[in-house]
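Enquirer: Okay, here's what each chain looks like letter by letter:
Number of protein chains: 2
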Amino acid sequence: MNFTIREGMIKDMANVLELIKELASFEKEPDAVEIDIYDLIKHGFSSKPAFKIFVAEQKTEIVGIVLFYPRFSTWKGKTFHLEDLIVKQEKRGQGIGKALYHKFLEYAHQQKVKRVEWVVLNWNKNAITFYEKTGATILEDWRTVQMNEKALNEYITNKK
Amino acid sequence: MNFTIREGMIKDMANVLELIKELASFEKEPDAVEIDIYDLIKHGFSSKPAFKIFVAEQKTEIVGIVLFYPRFSTWKGKTFHLEDLIVKQEKRGQGIGKALYHKFLEYAHQQKVKRVEWVVLNWNKNAITFYEKTGATILEDWRTVQMNEKALNEYITNKK
Chain A
-9 MNFTIREGMI KDMANVLELI KELASFEKEP DAVEIDIYDL IKHGFSSKPA FKIFVAEQKT
51 EIVGIVLFYP RFSTWKGKTF HLEDLIVKQE KRGQGIGKAL YHKFLEYAHQ QKVKRVEWVV
111 LNWNKNAITF YEKTGATILE DWRTVQMNEK ALNEYITNKK
Chain B
-9 MNFTIREGMI KDMANVLELI KELASFEKEP DAVEIDIYDL IKHGFSSKPA FKIFVAEQKT
51 EIVGIVLFYP RFSTWKGKTF HLEDLIVKQE KRGQGIGKAL YHKFLEYAHQ QKVKRVEWVV
111 LNWNKNAITF YEKTGATILE DWRTVQMNEK ALNEYITNKK
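As you go down the protein sequences, you meet chains A and B in turn.
The numbers in this note's numbering rise by one with no breaks, and the one at position 117 of the first sequence is 107.
The numbers in this note's numbering rise by one with no breaks, and the one at position 64 of the second sequence is 54.
If we strip away everything but chain A, and leave its shape as in the complex, we get:
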């Protein structure tokens, strides 16, 4: 392993944002990233951080991240949600992603959370196979429902 994994710090956020944007471009949604570096710093490093992040560092370069935060299940209690696991495009195939995934699960285990969860695209068979091999379960009959800011504004305006 020619990389190390450590907790992300404020000074990493410019590189972290680059990785987030790189992934969005790869997913053909380059304009979907509306946050900026100050949002990452404000939300991630306040007295009540909205997320926690581990970074993979190769020499002095940030080559991958795993970003997560707590959730609460009214059946199980405290859980973690894995929001982003990103490895820089040209750094794939070196085990960086697996190492970040492992770091996240190890930390979740240490924190004694009752469950970890995340989402996957249903056509991403490689990812699904990998997750299942590690003991995760795909919930086939649940769907995510979202109301974005615009829809929320419209709902509120129409209800007034």
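Just so you know, not all the hints are guaranteed correct.
Unchecked claim - Derived pair list, reagent style DSSO-like, types lysine-lysine, alpha-carbon separation capped at 30 angstroms: (1) B:Lys66 <-> A:Lys149; (2) B:Lys42 <-> A:Lys150; (3) B:Lys150 <-> A:Lys149; (4) B:Lys150 <-> A:Lys42; (5) A:Lys102 <-> A:Lys38.
What the hints assert, rightly or not - On the chain A side, residues computed to face chain B include the following (Cβ under 8 angstroms): (6) Arg105; (7) Glu107; (8) Val110; (9) Thr124; (10) Ile128; (11) Trp132; (12) Glu139; (13) Ile146.
Keep in mind the hints are simulated off the structure, nothing from the lab.
Note that CB positions come from ideal geometry on N, CA and C, so glycine has one too.
Once you have looked at the hints, place chain B on chain A.
Expert: Then chain B, alone, in the frame of chain A:
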């Protein structure tokens, strides 16, 4: 409307837990609820609360709840996750669920979150129709992945 909606308090947690258990029984998973009243108090009313809750009260009875918490999108920023919207079985059809849903969306709007989200069973057509009417979108190609406590323990043990 012969009910009022207000913020949930510690004194409500016994009734809230009853509602959570009632829903689990209805969903034929009565043993799935592993939390107790102390978990609800500890996680919901600490200096860094894991969730926020509004309750619907009829006379002195808690007849419904909406429970949610913040999440963080690396594309959009701060979001809310609606974890539970429950109306007591025999109190349905009085508009209590809609009022709780509205209260949640109104609060989300006031807090200027960038998105609200939750999950729905794909066969629950009535719920889906209702959500879509209010402007929400069902994400058809994303699946939830979960690793529960047991699977997490096994993963960690096997990796050691």
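Enquirer: Going through the numbered hints above, which ones does this structure break? Give me the numbers in ascending order.
Expert: 3
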